[in-house]
Each structure stands twice: as C-alpha cells, then as structure tokens.
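Peer 1: Chains as they are written, first to last, in the working numbering: chain F, 1 to 67; chain R, 1001 to 1199.
Since the hints were made in silico from the structure, they are not lab data. All values reported here derive from a predicted model rather than from experimental measurement. Backbone N, C-alpha and C define an ideal beta-carbon position, used for all residues, glycine too. Check each hint, because a few of them may be wrong.
Reference listing, derived: stretches of chain R covered by chain F, where coverage requires no fewer than 3 residues with Cβ under 8 Å from a Cβ of chain F [stated by the list, open to error]:
(1) 1015–1027
(2) 1065–1075
(3) 1102–1113
(4) 1132–1141
(5) 1161–1175
BS3-like cross-link-like pairs, simulated, lysine-lysine; straight-line CA separation at most 25 Å [to be verified]:
(6) Lys26/F to Lys44/F
(7) Lys1196/R to Lys1002/R
(8) Lys1076/R to Lys1147/R
(9) Lys1150/R to Lys1194/R
(10) Lys26/F to Lys1071/R
(11) Lys14/F to Lys26/F
(12) Lys2/F to Lys36/F
(13) Lys36/F to Lys14/F
(14) Lys31/F to Lys44/F
(15) Lys1147/R to Lys26/F
(16) Lys1076/R to Lys1002/R
(17) Lys1150/R to Lys36/F
(18) Lys44/F to Lys1150/R
(19) Lys31/F to Lys1007/R
(20) Lys1194/R to Lys1012/R
(21) Lys1193/R to Lys1076/R
(22) Lys1150/R to Lys2/F
(23) Lys36/F to Lys1147/R
(24) Lys2/F to Lys26/F
(25) Lys31/F to Lys1012/R
(26) Lys1147/R to Lys1012/R
(27) Lys1012/R to Lys1002/R
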Amino acid sequence: MKIILNNREEEFDKEPITVSDMLEVKRFTYKMRIIKINGVLIQKDRYDETLIHSGDNVQMLYLMSGG
Amino acid sequence: MKFTEIKRHLSKFRVGIAGAGGLGSNCAAALARSGVGTLVIADFDIIEEINLNRQFYFCDQVGMLKTDALKENISKIDRNINIIAHPVELTRENIPLIFSGCDVMVEAFDIAVMKEMLIETVQLSLPGIPLVVGSGMAGWGNSEAIKCRKIDEFLWVCGDESTEVSEDIPPMAPRVGIVSHMQANVVVEILMKKLKISF
C-alpha cells in the first residue's frame, strides 16, 4: 500500500500496518515525536493498536530539546 | 496595507505562549511589536545570568520571575499590550484552563518531554486552536536548515527538526532568535488570514 508520510509517498508491503510497524520498518528510533494520522494526534500508548491504511496522510514531527 | 491597520486588526487577538525562555520571550516581543492585543504567558522559572545569552531579559532582572520581567519589558515596547502572566508550572491539567480562549498558541519550552506534553494536551484538549511549535535550534550557523513546516491547519513547526541542545551545542541568540521570530511570523500570518474572512 501507499501512504503519504511527511508529504512524501511511501510504500509498504502489507495493509494495514500499525504505527509501531511503520516505525520499525522505517527504522525511526528517536523517541521524542508527535504522530498525526489524517490530522488526528495518536498518543504513544496507542501506537501498537492504531492502524495505518492505504492513502492515509501520516505526519511525524521530531521534538528536540532547546529553546 | 498600512502598519496602523495591521496593528488595529492584530490588537483584537489573544495569543498564548507556553514558556518564557529563549523562544517565548523573543516571540512575545515580536508579537507585541506587531500589535497583538493580549498575550497569555506562562512560565514558573526565574531569570539566571546564563539565560542572558539568548533570552529577552537584562542584567538587572536576574533573580526575577520571567513572567514579571517579560511583562515589564513588553510594557516598555507598548504599554497598551495586555499581558496575562501565569507564574506556574504547566501541566496536562492546567493548560486547558490557562490557554482557553486563545486564538493561536506558541510552544516555547526547552525540554523535549515538555514540548511533547504541551502538543498532546493542546491538540487533544483545546481543539481548534492552532499551535506553533519550535523544534531544533541548537548551536550556530547552518541557517538554511531552519525552516517552517505546516503539518495541518492546527499544527506548525519551526526549526531544523534535528539539532538538540547539549553541553557542546548550546542554545544561542542567533538560531533561537530566528526560530522564535519564525514562530511569531506564523502567528501573524494565521491572524492576518482572519482579516480576509471578516470581509
């Protein structure tokens, strides 16, 4: 399936996948992040159960200390 | 459009600023100079000498609450700006109470865990309020890496999204200043768009 990840098209072998699957496949290991799917914020404790479907718009934002 | 007209329009709005450090203090000053009518500023911290390398405070204000000092400094720019100061630590519980009624919010914390907490709380408990986040501004140089990204109608991020502050990569006035002013620029952009709607 194809999804939009941070405004770029990304392809995954199966559909649907969980948020945790996506993070593992893409090797996104940095923990401080915000994830929104189709404009809805996904809380950390829901990553294992939240599904990403074909055509979904996934936005990920890394949070860096400093300010 | 003349600046006096822009200022008159911006004076109708209320902007929330979570944190009054490098991002918050400089962003607040830029918004005050632009004419935003009300600023709701929350920070429990006290000014230390080390803060003066980037924050909008002065030597004689060391030891003061940041919210008190910022109120004082902004009143020297424009005494008509209404500052609602909350010298408290922000939590998931008090954020919705402190910032309800704001037209836009600025995330201006320094610690990543706090940024995450604020973004989650605002997006879930204060739906409809656009939030402008700062992420990635440590060190110096590499200006071209600093950008502004609209994630959706309610979430924006300013910064390089990659550099983290450490002992060898401290936060410094130029890059923190750029990001805080980018955040202010997004706030002004969001508020100026409301002008078109009102016609």
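Peer 1: Among all the numbered hints in the text so far, which are the ones the structure does not match?
Peer 2: Numbers 2, 8, 10, 19, 21, 25 and 26 - these are the hints that the structure violates, sorted from lowest upward.
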